[in-house]
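Chains as they are written, first to last, in this note's numbering: chain F, 1 to 615; chain G, 1 to 128.
Rather than coming from a laboratory, the hints here were simulated on the basis of the structure. Values in this document were obtained by computation on a predicted structure and should not be read as measured data. Don't be surprised by glycine CBs; every beta carbon is placed ideally from N, CA and C. One thing to keep in mind: the hints can contain errors.
What the hints assert, rightly or not - Examples of chain G residues toward chain F, derived with CB under 10 Å:
{"no.": "1", "residue": "Asp25"}
{"no.": "2", "residue": "Glu28"}
{"no.": "3", "residue": "Gly29"}
{"no.": "4", "residue": "Ala35"}
{"no.": "5", "residue": "Gly37"}
{"no.": "6", "residue": "Gly38"}
{"no.": "7", "residue": "Leu39"}
{"no.": "8", "residue": "Asp59"}
{"no.": "9", "residue": "Gly61"}
{"no.": "10", "residue": "Arg78"}
{"no.": "11", "residue": "Thr82"}
{"no.": "12", "residue": "Leu93"}
{"no.": "13", "residue": "Pro112"}
{"no.": "14", "residue": "Thr117"}
{"no.": "15", "residue": "Gln119"}
{"no.": "16", "residue": "Tyr121"}
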Amino acid sequence: MRRTSSVVAAMFAASLAVSVASAQSVDVAAQIKLIENQPSGTDRTAWKEQRRDAARKLVQSKDKKAVPVLIKLAETETFDIIGEIAIEGLGNLGDQSAVPVLQKVANDATRDKATRDLAKKALFKLGAAASGGATTGGATTTGGSTTTGGTAATGGSTTTGGATTTGGSGDDGVSAGGSDDGATAGGTTAGGGELGNAGAGLLGGGATASNELPELPVLPDDTLAAYDRLTFAAGAASLEYDTVRKRPVFEGDLAASYRKRVEREQMAWGWGADARVVAGYINPEGREQTRGAQLTVAGNGEARFYKGKIYGVGKAAIGIQDDYISFEDAMDPNNDLKDNRFQADAQFALGAGYGRVLDVGGAIRVRRLARVLDAARALGKQIDAATAKRLQLTWWALRDERSAYRALVATVAILREAGILLGEPDAGLSYELLTVLRDTQLYLRPSGLDVQVAFGEGYLLRPDMDPTPAESGRVEQLLASASYGQQLAEDKAEVSGTAFARLRLFAPDEQPSPFALGATARLRRFAYGPHGDPFGALDLSATLLLSKDRCSVNDPMCGAQLSGRIQGEVGFTLFMNQASGLRVAGMVAQDGGELFLGGSLTATYGLLDGTFAGM
Amino acid sequence: MKDLCITSLVLVPALFAGACGAGDDVAEGARASCAFGGLLTDCEDADRTPEAACWRMVDCGAIAISNETQDYWFDWDRCVDTIERLTEERQRLVINCVAVSTCDQLRVDGSPDQPDTDQLYCVQLGAR
Numbered sequence: 001m002r003r004t005s006s007v008v009a010a011m012f013a014a015s016l017a018v019s020v021a022s023a024q025s026v027d028v029a030a031q032i033k034l035i036e037n038q039p040s041g042t043d044r045t046a047w048k049e050q051r052r053d054a055a056r057k058l059v060q061s062k063d064k065k066a067v068p069v070l071i072k073l074a075e076t077e078t079f080d081i082i083g084e085i086a087i088e089g090l091g092n093l094g095d096q097s098a099v100p101v102l103q104k105v106a107n108d109a110t111r112d113k114a115t116r117d118l119a120k121k122a123l124f125k126l127g128a129a130a131s132g133g134a135t136t137g138g139a140t141t142t143g144g145s146t147t148t149g150g151t152a153a154t155g156g157s158t159t160t161g162g163a164t165t166t167g168g169s170g171d172d173g174v175s176a177g178g179s180d181d182g183a184t185a186g187g188t189t190a191g192g193g194e195l196g197n198a199g200a201g202l203l204g205g206g207a208t209a210s211n212e213l214p215e216l217p218v219l220p221d222d223t224l225a226a227y228d229r230l231t232f233a234a235g236a237a238s239l240e241y242d243t244v245r246k247r248p249v250f251e252g253d254l255a256a257s258y259r260k261r262v263e264r265e266q267m268a269w270g271w272g273a274d275a276r277v278v279a280g281y282i283n284p285e286g287r288e289q290t291r292g293a294q295l296t297v298a299g300n301g302e303a304r305f306y307k308g309k310i311y312g313v314g315k316a317a318i319g320i321q322d323d324y325i326s327f328e329d330a331m332d333p334n335n336d337l338k339d340n341r342f343q344a345d346a347q348f349a350l351g352a353g354y355g356r357v358l359d360v361g362g363a364i365r366v367r368r369l370a371r372v373l374d375a376a377r378a379l380g381k382q383i384d385a386a387t388a389k390r391l392q393l394t395w396w397a398l399r400d401e402r403s404a405y406r407a408l409v410a411t412v413a414i415l416r417e418a419g420i421l422l423g424e425p426d427a428g429l430s431y432e433l434l435t436v437l438r439d440t441q442l443y444l445r446p447s448g449l450d451v452q453v454a455f456g457e458g459y460l461l462r463p464d465m466d467p468t469p470a471e472s473g474r475v476e477q478l479l480a481s482a483s484y485g486q487q488l489a490e491d492k493a494e495v496s497g498t499a500f501a502r503l504r505l506f507a508p509d510e511q512p513s514p515f516a517l518g519a520t521a522r523l524r525r526f527a528y529g530p531h532g533d534p535f536g537a538l539d540l541s542a543t544l545l546l547s548k549d550r551c552s553v554n555d556p557m558c559g560a561q562l563s564g565r566i567q568g569e570v571g572f573t574l575f576m577n578q579a580s581g582l583r584v585a586g587m588v589a590q591d592g593g594e595l596f597l598g599g600s601l602t603a604t605y606g607l608l609d610g611t612f613a614g615m
Numbered sequence: 001m002k003d004l005c006i007t008s009l010v011l012v013p014a015l016f017a018g019a020c021g022a023g024d025d026v027a028e029g030a031r032a033s034c035a036f037g038g039l040l041t042d043c044e045d046a047d048r049t050p051e052a053a054c055w056r057m058v059d060c061g062a063i064a065i066s067n068e069t070q071d072y073w074f075d076w077d078r079c080v081d082t083i084e085r086l087t088e089e090r091q092r093l094v095i096n097c098v099a100v101s102t103c104d105q106l107r108v109d110g111s112p113d114q115p116d117t118d119q120l121y122c123v124q125l126g127a128r
């Protein structure tokens, strides 16, 4: 534990140092000198890298002295991405002196299309037309595709008096209505169809209807995180019959689950519902027959209201479960059994807490995209919050797709449109982007701290049992919980933990008042191959439980005792190739004086088929 | 102090632990967060293995980890044995049933020390 704390502290200190360093001012003169003169002792390849970094720093500096240098780069650097960095930067710097050069680039047929698109976008940010026409009134964008009092870029229709531009994107769908700031303003997105076509063009898919972006989910502007999960699981449902035993057998496990949650600055709310059926039917030859079914339906909800990091919380849960079994003995009808049990819960809780834990898997996916682009020297600028939101909502909208094709097309289009992805992605980069989109290790990645205490009240309808440690009727309880999550090492490591405590209050004499408390800590480390393929994962966890059932006053024979369990698990999964994998896991637990040890090694090795057929 | 007993350290490919009890009393086993309290303390399904299903019954207070006072009392050890002796489809029935049941449904008269096995609904579903 101490070592973990040290690592966390060291990483925090390191990240703080990086933050401080990035906040320091840029030495503009030194960066210009680096761009114009190759330092002695530096080879040309290294210098090219340094020039690109210097150009980015000049853009970040917002210093007007950088403008002439960037103009020169935009005009003359046609074979290095430093030219595109400069074009993009000129748009961000907002200096009108860059307009003529940018217009020249935008209309230069000898420049590649990606470069011309960047120039058009930069011109749009400067309020200028790509064709050389003057802008009046200063073009601004809101909502993604509306121009006010300005002139649209190439191919766009002119609008006056704030009318909405229609068909403004011309041939590429990039220049008009494409502001990344406007794209998600107000939680809505416009121009998605244009982007879809742009992305399809980039990847050679053509502008088909299937490539158009879907309607994106609408989230309030102050949304910190949200998720929407629908799971439908048809477990091992089977129907069998064989003529040897003349015995039909049916068994099934069907389940559906839905969860939705939205975290906003001032409030958070979520709800979920589950339905499940487990059924079985076995009918051998003769009198014997077994039938059983179990139906569960449940729903729950929670709402939080924040004041800073402190919040008040209300929760509710309601559900039913019904179990039915019918057994007919092969020989003796007196041994037949029919049983039906029904239970129902209706509960609520009120409480208070501190902080919150968010699932940041989507944000990690965005960060991984940025790292992939940076490594490929294709990152024009960092992915801003609006673009990150737009990317994640697009993936959200496409989550039911069997193929990742549309997600990839849309991702590339959004990144290009925002000026983040420089140039068209080649095959290698496209593959690496795809591995990020398909990465299944980016779900349920917690971040934050949440501590909560609540008082619960409810009514539990239960079958009569006497005497048992059962709770039924009105049940009051004190509930406490805590959870924590942190992503480390460029999101390749995760530390998380949960804790709970529960005590029944005001129990009647004939019922017990059990308590339980426990905590689990977990460390996960994810490994990736050189091109972003998941390579494996290490997981390590430790659990501590303490509980006592406590006896009812009316049960002198009850022997409830304090129980404790300590448990540790470690596992490692290695993906060797597409047909091979290795999983090693072990656990040790001590509970009630008993020791449990377990281990497993599961390995498969193979190669995908190599095949050939003459034509 | 109970004797320690280690069984079934299994490698390749099947899982997992085993247990035994020794001594002259009952080891109940610690409870999970969802053992009591209704849906407000609901927790995840169990894994679909005989061992995990029987752990869930311990977690819920339906059965004890070990009960050496009478061999025939239904504890964790007997729970695993009982399920593993079933045919495959009956195993699946029992395991699925335990995995999705609430803890209150799993507890029966006499739980956890001396559970009335005739009332163990999920076990009856496969063992009859």
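- Query: For which of the previously enumerated hints does the structure constitute a violation, in increasing order of number?
  - Reply: 10, 11, 14
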